[in-house]
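If you read the protein sequences in the order shown, they are chains A and B. One point on numbering: in numbering that gives the first Met the number 0, the residue at position 59 of the first sequence is 58, and numbering is uninterrupted. One point on numbering: in numbering that gives the first Met the number 0, the residue at position 63 of the second sequence is 62, and numbering is uninterrupted.
For the record, the hints were derived by calculation from the structure and aren't laboratory data. Hints may be right or wrong, so weigh each one.
Said to hold, decoys possible - One-sided and incomplete, this derived list gives chain B residues near chain A with beta-carbon spacing under 8 Å:
no., residue
1, L54
2, D58
3, I96
4, M108
5, F109
6, L112
7, Q113
8, D118
9, S119
10, A135
11, L138
12, D139
13, R140
14, G174
This one's a predicted model, so the numbers in the text were calculated from it and none came from an experiment. Just so you know, even glycine gets a beta-carbon here, dropped at the ideal spot from N, CA and C.
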Amino acid sequence: MKRSRFIEKSLMGTVAFLRESVFADDYAAKKGFLQARDPRFKTAAVFFLVLSVLFSRDIPAIAVIYLITLLSAGCSFINPVFFLSRTWFFIPFFALFIAAPSVFSVFTPGEPLASFRIGGFLLQITRQGAAGALIFFSRVLVSVSLCVLLSLTTKHFALLKVLRVFRVPQIFVMTLGMCYRYIFLFIGIIQDTYTAMKSRCGYAVSPVKGQRIVAWNIATLWQRSYQMQNRVYDAMLSRGYTGETYLYGGFRAGVKDVFMLAAAAVIFFFVLWQTYCSS
Amino acid sequence: MANILFELKQAGYSYFGRFPALCSVDLTIMQGSKTAVIGANGTGKSTLLSMLDALIFPDQGSVKAFGMPLDDKMQENSDFTMAFRRRVGLVFQNPDIQLFCPTVRDDIMFGPLQLRMRDSEAAKRQDKVVTELKLASLLDRSPYQLSIGEKKKVAIASVLAIQPEVLLLDEPTAGLDPQTTRDIIDILVSENLSGTTLVTATHDLHIIEEIADTVHVFGLGKNIIRSAPPEEVLSDRTFLQAHNLVHIHRHRHKDAGVSHAHQHDVKHHH
Chain A
0 MKRSRFIEKS
10 LMGTVAFLRE
20 SVFADDYAAK
30 KGFLQARDPR
40 FKTAAVFFLV
50 LSVLFSRDIP
60 AIAVIYLITL
70 LSAGCSFINP
80 VFFLSRTWFF
90 IPFFALFIAA
100 PSVFSVFTPG
110 EPLASFRIGG
120 FLLQITRQGA
130 AGALIFFSRV
140 LVSVSLCVLL
150 SLTTKHFALL
160 KVLRVFRVPQ
170 IFVMTLGMCY
180 RYIFLFIGII
190 QDTYTAMKSR
200 CGYAVSPVKG
210 QRIVAWNIAT
220 LWQRSYQMQN
230 RVYDAMLSRG
240 YTGETYLYGG
250 FRAGVKDVFM
260 LAAAAVIFFF
270 VLWQTYCSS
Chain B
0 MANILFELKQ
10 AGYSYFGRFP
20 ALCSVDLTIM
30 QGSKTAVIGA
40 NGTGKSTLLS
50 MLDALIFPDQ
60 GSVKAFGMPL
70 DDKMQENSDF
80 TMAFRRRVGL
90 VFQNPDIQLF
100 CPTVRDDIMF
110 GPLQLRMRDS
120 EAAKRQDKVV
130 TELKLASLLD
140 RSPYQLSIGE
150 KKKVAIASVL
160 AIQPEVLLLD
170 EPTAGLDPQT
180 TRDIIDILVS
190 ENLSGTTLVT
200 ATHDLHIIEE
210 IADTVHVFGL
220 GKNIIRSAPP
230 EEVLSDRTFL
240 QAHNLVHIHR
250 HRHKDAGVSH
260 AHQHDVKHHH
């Protein structure tokens with residue numbers, strides 16, 4: 000019984016997460032600081048900041064960029080709980096797991112910070128290992144936060160158009176656009192399938208049967224996705240889609256956009272100077 | 000004399016070259032006409048609409064639209080393709096497939112913008128369909144949050160915003176409540192009165208007299224087995240029953256329960 004509730008919770012949780020994350024256009028429609036910025040300048044500024052984070056070896060510098068990210072999210076009326084829950088889980092969490100072994104002297108020799116024994120085996124955490132892991136984790140966290148912030152404050156179609164402005168190949172942009180639409184449909188299908196399954200099997204499904212049902216679900220979803228991909232593309236073609244995206248209003252840059260981009264570029268060049276020239 | 004918009008001669012189509020979906024169809028659609036395509040499930044109605052919308056091309060026979068052949072080579076002629084998309088709109092049977100934008104507003108604007116209309120023109124068209132179809136309260140909502148009736152209306156609006164000369168509709172009233180069905184019929188009738196050519200595939204026989212002046216009946220051979228005015232087709236109950244278009248159910252006539260075949264179209268009072 001508990002296992003069956005676990006499947007239900009996992010499935011519905013995933014669906015709710017996808018729906019909130021992928022279709023969080025409510026935030027993009029708000030009249031906040033980042034929403035008002037030209038998507039081209041905003042994307043370029045985020046790109047500069049992500050590069051700054053990747054080049055920096057200095058935790059305080061990365062922390063300052065993270066602070067800027069959080070302030071921008073606040074000025075863009077993004078719910079802090081929503082933002083933090085989406086940026087601290089998954090990728091940064093996995094990054095932490097990946098980086099965890101490197102804190103030990105076995106992988107990163109150096110000055111001991113702490114030591115303990117497990118089953119008679121001495122483990123030492125080194126200062127160099129801990130610093131390396133912290134920098135890796137910080138870089139991942141801040142980069143993910145910046146990208147999430149960009150996607151939350153920019154309409155889906157505008158982002159696709161920006162990719163084309165930056166000369167990303169049309170086929171890539173088209174595929175991304177279609178993925179978005181498929182996810183939209185799959186969320187509905189997953190929910191409907193699960194409801195239909197529940198109506199026929201009830202809640203009390205044995206773990207083995209539950210696993211089998213989930214496996215069927217995945218197989219059916221694959222078949223349906225194959226059938227649907229043509230129909231969705233047809234629906235787009237039918238209304239004139241040719242692979243390029245056309246937006247209402249186009250893009251309009253202002254002084255604030257230029258200032259924002261200039262500030263991001265200054266941060267990037269400062270980080271470069273700090274990393275490679277200051278010493 | 001009205002112009003011929005579509006002309007199909009012995010047109011056929013098979014999925015994957017193996018599963019026939021449409022066989023030897025001869026059909027002419029005149030400008031300003033109202034055409035209904037009826038038939039049991041799997042008789043080729045949706046395939047026909049896809050062919051008329053140039054989403055698939057015949058592997059037998061030929062299809063002409065506005066005097067030009069619809070075939071694979073059409074895609075090479077971007078001017079004709081763009082002009083064709085401006086002139087022909089298809090409302091899909093499943094609105095979830097058709098509504099793929101984040102908001103209703105984006106979905107309605109999608110067609111006009113992709114067809115390179117100016118922003119001011121696209122906005123004007125959006126305002127027009129929103130007013131006509133009374134969709135103002137839905138504009139900023141996500142399509143997946145809507146009821147099936149609302150989705151259907153938005154799907155129709157998203158195509159009407161293109162202001163096509165030909166409106167192809169795949170089961171526009173299937174599964175809808177009576178009031179929404181009425182609203183959609185009113186929209187279609189009004190569009191036709193303003194000159195739009197209608198081609199509707201449907202199972203709902205009760206709407207046919209209003210949305211069609213010619214009915215083409217598709218048979219299990221995936222071809223047209225009869226073409227006639229609606230009143231002629233609808234009055235031939237033996238024919239309709241033989242092709243799964245009417246059903247028999249039991250219901251009460253005053254005090255006595257009776258069982259007989261009828262279609263829910265006109266003047267049948269339980």
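Quick rundown of the hints versus the structure:
{"no.": "1", "hint": "L54", "in the structure": "5 Å, holds"}
{"no.": "2", "hint": "D58", "in the structure": "16 Å, violated"}
{"no.": "3", "hint": "I96", "in the structure": "5 Å, holds"}
{"no.": "4", "hint": "M108", "in the structure": "5 Å, holds"}
{"no.": "5", "hint": "F109", "in the structure": "6 Å, holds"}
{"no.": "6", "hint": "L112", "in the structure": "4 Å, holds"}
{"no.": "7", "hint": "Q113", "in the structure": "4 Å, holds"}
{"no.": "8", "hint": "D118", "in the structure": "6 Å, holds"}
{"no.": "9", "hint": "S119", "in the structure": "10 Å, violated"}
{"no.": "10", "hint": "A135", "in the structure": "16 Å, violated"}
{"no.": "11", "hint": "L138", "in the structure": "11 Å, violated"}
{"no.": "12", "hint": "D139", "in the structure": "7 Å, holds"}
{"no.": "13", "hint": "R140", "in the structure": "10 Å, violated"}
{"no.": "14", "hint": "G174", "in the structure": "14 Å, violated"}
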